[in-house]
Amino acid sequence: ITKNTNVRLSLPAVCIVWQTAMIILFGVFIRYNEESDTHWVEYRKENNLSDIQNDFYFRYPSFQDVHVMIFVGFGFLMTFLQRYSFGAVGFNFLIAAFGLQWALLMQGWFHSLDYTDGKIKIGVENLINADFCVAGCLIAYGAVLGKVSPVQLLVLTLFGITLFAVEEYIILDLIHAKDAGGSMVIHTFGGYYGLSISWMLYRPNLDQSNRLQSSVYHSDVFAMIGTLFLWMFWPSFNSAITDHGDGQHRAAINTYLALASTVLTTVAVSSLFQKHGKLDMVHIQNSTLAGGVAVGTAAEFMLMPYGSLIVGFCCGIISTLGYIFLTPFMEKYLKIQDTCGIHNLHAMPGVIGGIVGAITAAAATESVYGAEGLRNTFDFEGEFADRSTSKQGGHQAAGLCVAICFGVGGGILVGFILRLPIWGDPADDNCFNDEPYWEATPPQDKMSPKSGTINSLNFSLHFVSLKMFCFTSIEHIIIFLNLIFFFFFVKTEFII
Amino acid sequence: ITKNTNVRLSLPAVCIVWQTAMIILFGVFIRYNEESDTHWVEYRKENNLSDIQNDFYFRYPSFQDVHVMIFVGFGFLMTFLQRYSFGAVGFNFLIAAFGLQWALLMQGWFHSLDYTDGKIKIGVENLINADFCVAGCLIAYGAVLGKVSPVQLLVLTLFGITLFAVEEYIILDLIHAKDAGGSMVIHTFGGYYGLSISWMLYRPNLDQSNRLQSSVYHSDVFAMIGTLFLWMFWPSFNSAITDHGDGQHRAAINTYLALASTVLTTVAVSSLFQKHGKLDMVHIQNSTLAGGVAVGTAAEFMLMPYGSLIVGFCCGIISTLGYIFLTPFMEKYLKIQDTCGIHNLHAMPGVIGGIVGAITAAAATESVYGAEGLRNTFDFEGEFADRSTSKQGGHQAAGLCVAICFGVGGGILVGFILRLPIWGDPADDNCFNDEPYWEATPPQDKMSPKSGTINSLNFSLHFVSLKMFCFTSIEHIIIFLNLIFFFFFVKTEFII
Amino acid sequence: ITKNTNVRLSLPAVCIVWQTAMIILFGVFIRYNEESDTHWVEYRKENNLSDIQNDFYFRYPSFQDVHVMIFVGFGFLMTFLQRYSFGAVGFNFLIAAFGLQWALLMQGWFHSLDYTDGKIKIGVENLINADFCVAGCLIAYGAVLGKVSPVQLLVLTLFGITLFAVEEYIILDLIHAKDAGGSMVIHTFGGYYGLSISWMLYRPNLDQSNRLQSSVYHSDVFAMIGTLFLWMFWPSFNSAITDHGDGQHRAAINTYLALASTVLTTVAVSSLFQKHGKLDMVHIQNSTLAGGVAVGTAAEFMLMPYGSLIVGFCCGIISTLGYIFLTPFMEKYLKIQDTCGIHNLHAMPGVIGGIVGAITAAAATESVYGAEGLRNTFDFEGEFADRSTSKQGGHQAAGLCVAICFGVGGGILVGFILRLPIWGDPADDNCFNDEPYWEATPPQDKMSPKSGTINSLNFSLHFVSLKMFCFTSIEHIIIFLNLIFFFFFVKTEFII
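Chains as they are written, first to last, in my numbering: chain A, 11 to 506; chain B, 11 to 506; chain C, 11 to 506.
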């Protein structure tokens, strides 16, 4: 059978309906917190604070770095395929923009709900956490890159964010594990979530798209933009939501060192296993980042600078070996087609990061941390005031298991849904190709005008298409009417 | 007649003369303010401040984000044309670098003049405002992209900055409208300024350059770099000069949400109006940003998170529909050739932003803002202490009208000047082409060395050309002599 | 003789051995300082500080900007060659990642050694200084771009960092010169270091690689990414380690202005000396940055806004003239092949910066700076409490001489080492080519799969190559065993 990749009804419908739902839910639930509300001036005076002590100034620079990682980092890292750059950067953009709204709600219900009025109160820390949450889904996108439709990606994201928020609540709040940089909650979960989905969507005849599953010179350079922005800003990622003061400071230093170490071992292994000692761009683009993943959990602990270097050292080796041996093995024997090799970049290093975190927590002593430092770092307060560091180590390990279970289980569930034949995914011989979803000028043909400024023929065509559209798709009109109705409704309420 | 695109006399002359003028004016007028001067240490102690309360630490991270938007964001957004990437990114660089100097002076005279000594005192906020001012001219550049010479662009910028500073003074100081993110003063003004110039410079035979007025695969990916950096850093743009504390915090949150919402409706409309539901890169590159424009004025108000989503929702739809229907319509019937579609990305969303701002201001109540919050947010102080919010709403609307008038009127005036046949603009069949202004290696020919290291022939040629130049253009020598004289003069003064 | 570019033994060996050495040395020497240690909470209370007064919040945003300059700025600036983009961005990545570790140690011994326990205590300022130190070596890389092997680059970096740290100690500590933005210690040193190495490695037949020593359209656009990120973030570079408060504020303003001015004179001179007044991309990519280099030393002084503009004005002219006349002259008569023209971008402007710094320091008066301001700005404290500004000017000049001597002397020494025939550098007709060191897909051939996911043949080949490798290179096994031993050793210690 030939697959139908026309998403002209499903994609707009999903976008409009979900965005409308977001507006309604935000209207009901989401408000500014005391640091972003105009009442801050009173709050500030009551608590004898200065404006500069608004959380905004502690976290906003890190937030913007994380934001760059999500949109430019992940987006451009996936442009390495020769004819899938639009899909890489464009669909990444779409699902991140949707996901962060849904994440604000899901995480807000678990973490920022004000029980006095039933509202979620948001500030800059919520924005960072929403970006983190989205990162889990973008990792999963890496496994299925080029093989799914944008509608499937939106479904993957909807469920991914939901699962993430639950998993995160269990790990951070119930188990009370620490995971500043998200080795477990983001990378391990996101990695296994994506791999399980890819396993469920196995395509036995994917080699028909072989000609496109490779890079060209310039697409590899574009991918390096993504690599470098991820690499440079990873210290901000791991330190964005750690404790004010030494917590953020230490997490940045540890991540900086781990990443530096990873680059050297990646180059070493890449050269060692290639004929003539040549370097492989795939390794440089991906494995150099593994150290940042693996140091995520322990970055805020007293991992020590040399500890960070050791973590980076090992991960560079393991991740590069993964690309050389494990990815082909998984594809051949386990039927897991992992386009970007997220198992080597996120899943494995994430697990390592969870283990490193558990060991570092278990090894923490009051002599190294200081009494107050130990309490601050591990939040041994309230009901957890009496927890020992060795017990904390065990709980960290438990958190890791939860992340893996949610990833694998959730991925199988969502993969099952995505196998329904209604989502407009491409045929096996049309994967890794922008053509089905993008109005792209073909690479050779420079005659077809595209920017749409002159073309009056095009103009008339659009009117025809508009008319046809209006008659044929009555459902959309109803959506629009609802929308306008809703818009006026909210507007009115909003003015009054 | 054939047009002469040789700018060998005019471009260097304009650059050198204007830069020299800047040095003189800066020497006469511009000094450091109390936060960037070495006397800060005394000022700090007098006012019982800590170093961290220097405005630098409140605004510098946002400033750098804005800086990236101006140079990488605007520059790369315009690289989408297949053979005009040098012009897009290079001329953007040139006019921004000139414009920000002139903006520091113009805005300084209106806003930062110290009447005790007649000097303009600058700090980081002035740098941000200069970047903002430049943004207005870069928006205008988008309308005439590929159809003007660099000298015309410098003239466009000189007048644009001047008009901007006057318009801004009227709107912000005389009318006392608020416009944190510049929906009115930057986007509405810049948009209509550019469109009016483009209307004045109408080229009936522009279709002769049709073959070049389209993108190729890689140029579209380059343009996405611009799109994403604009999109990611827009929260910094809208919050860069708002009040310390909650003002910056809230503006960032509102912008973040409006932009996220815009992405989904842009994708929806783009897919809906394309055959087979394919997405158009032009829409993804541009319309996804409309929400940031439209939320500019109201970003610092209590727009509420759902309010931001609604603004973004509507702008994504309107902007994309603009690209599909309005741009061809304007070109065919109104004789406005708008290369980048700035009407859809800046002018229309800017007007919407002004209206949203007026409504939000008029609807502001003390119960929502708090008494002190209301006073802070709208600066109801001094002569404006008794202004009501409904009156403020009216003044916001008046500000919008001023921005439109300055844009249209100024554009017609400057367009008239730019029609003089002395500026070296390209012929109708040579538009959208880097060839007239750039020493570009032709795409196929890989034989011509360019980096200039080896070529001794080239070397001799340069000396010949130097000699010829010296004899033929006596004016330049005079400029140089003046310059050297001036240099020694200032240097001497500066050492003593 | 044909050269052997196989680095399959040497590159991995150097990477693994050096990274292992780093781990050991970090284990022995490097610890967190009081602001990144968990004891900060006690330190903070003792000194009556707020969390926001942790140095992290003063410097981290600037640090990230500097980080972007090092990896994206320098990396992409060098991608202008048509077939050396992988080497430009990839080797830049490798040597920066190694260099910053070694710099933390070298600079730490000189500047951050805690004599009570013999440990180096690091914080965010050390990270910035490490990035600065690396910049010196990346500048030197610009001179030999395309003509050396990655192993040579690692050797260049090892010695470069070592020389840098000694030179910096002499200039900043012994001579007590000020050099906030590193005009002398970074740019002058790095420039002459690279030029001397290039002189030692002179290739008389380099014109055999002529066909590759040029740019193509897209590679020039990639290079503009590097240019712009360097240009935009240079204010952060020059202000990153200056004094809290007015020092950082003023350095950023001065640099911003100097850079703006440089752009206009670069455009003027580029247009003036080209046939038909066309602009040359090489000048726009490089000379526009010269103002940032030249204002480095004086950025934190009271250079005055117009002073900054004048410095930028002159450097734009001098640097562009350097590209037009000096680079071919140096190549032909001095036998210095300078691929990126670092003499025009770093060495000359660096020297100018040193001179400007000396003059500005000598001209400093208490009436302009204020008594306390003068003391703060020049650190006239401790043994230097009685130094006059004119004496300081002389010491600044002395610092410049030291930088030049270290650059030239060190470059000749290291160049001598790099001439040994063991490093795997390419033959004269194979320079400026990624092919010897990178598994690159050829530009035309789109058939060879590269991302390595499907290829089971490749998979078996890897096993064979693994086996062969194990038998033939016994040394590597020993390294690995040592490594594993060391790993367990440290791990054990680390847990206990």
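Treat the hints loosely; a few may be bogus.
When chains are identical, the list treats them as one kind, so a pair holds in a single copy or across two.
[Said to hold, decoys possible] List time: in silico DSSO-like cross-link candidates among lysine-lysine, alpha-carbon distance up to 30 Å:
#, residue 1, residue 2
1, K13, K342
2, K55, K342
3, K285, K55
4, K345, K129
5, K55, K13
6, K129, K342
7, K55, K129
8, K13, K129
9, K401, K342
10, K131, K288
11, K285, K401
12, K129, K285
13, K288, K401
14, K55, K345
15, K288, K13
16, K131, K285
What the hints contain is simulated information worked out from the structure, not anything from laboratory work.
Bear in mind that the values here come from a model prediction, so they are computed numbers and not experimental data.
Where does the structure disagree with the numbered hints, that is, which hint numbers, in rising order?
2, 3, 4, 5, 6, 8, 9, 10, 11, 12, 13, 14, 16
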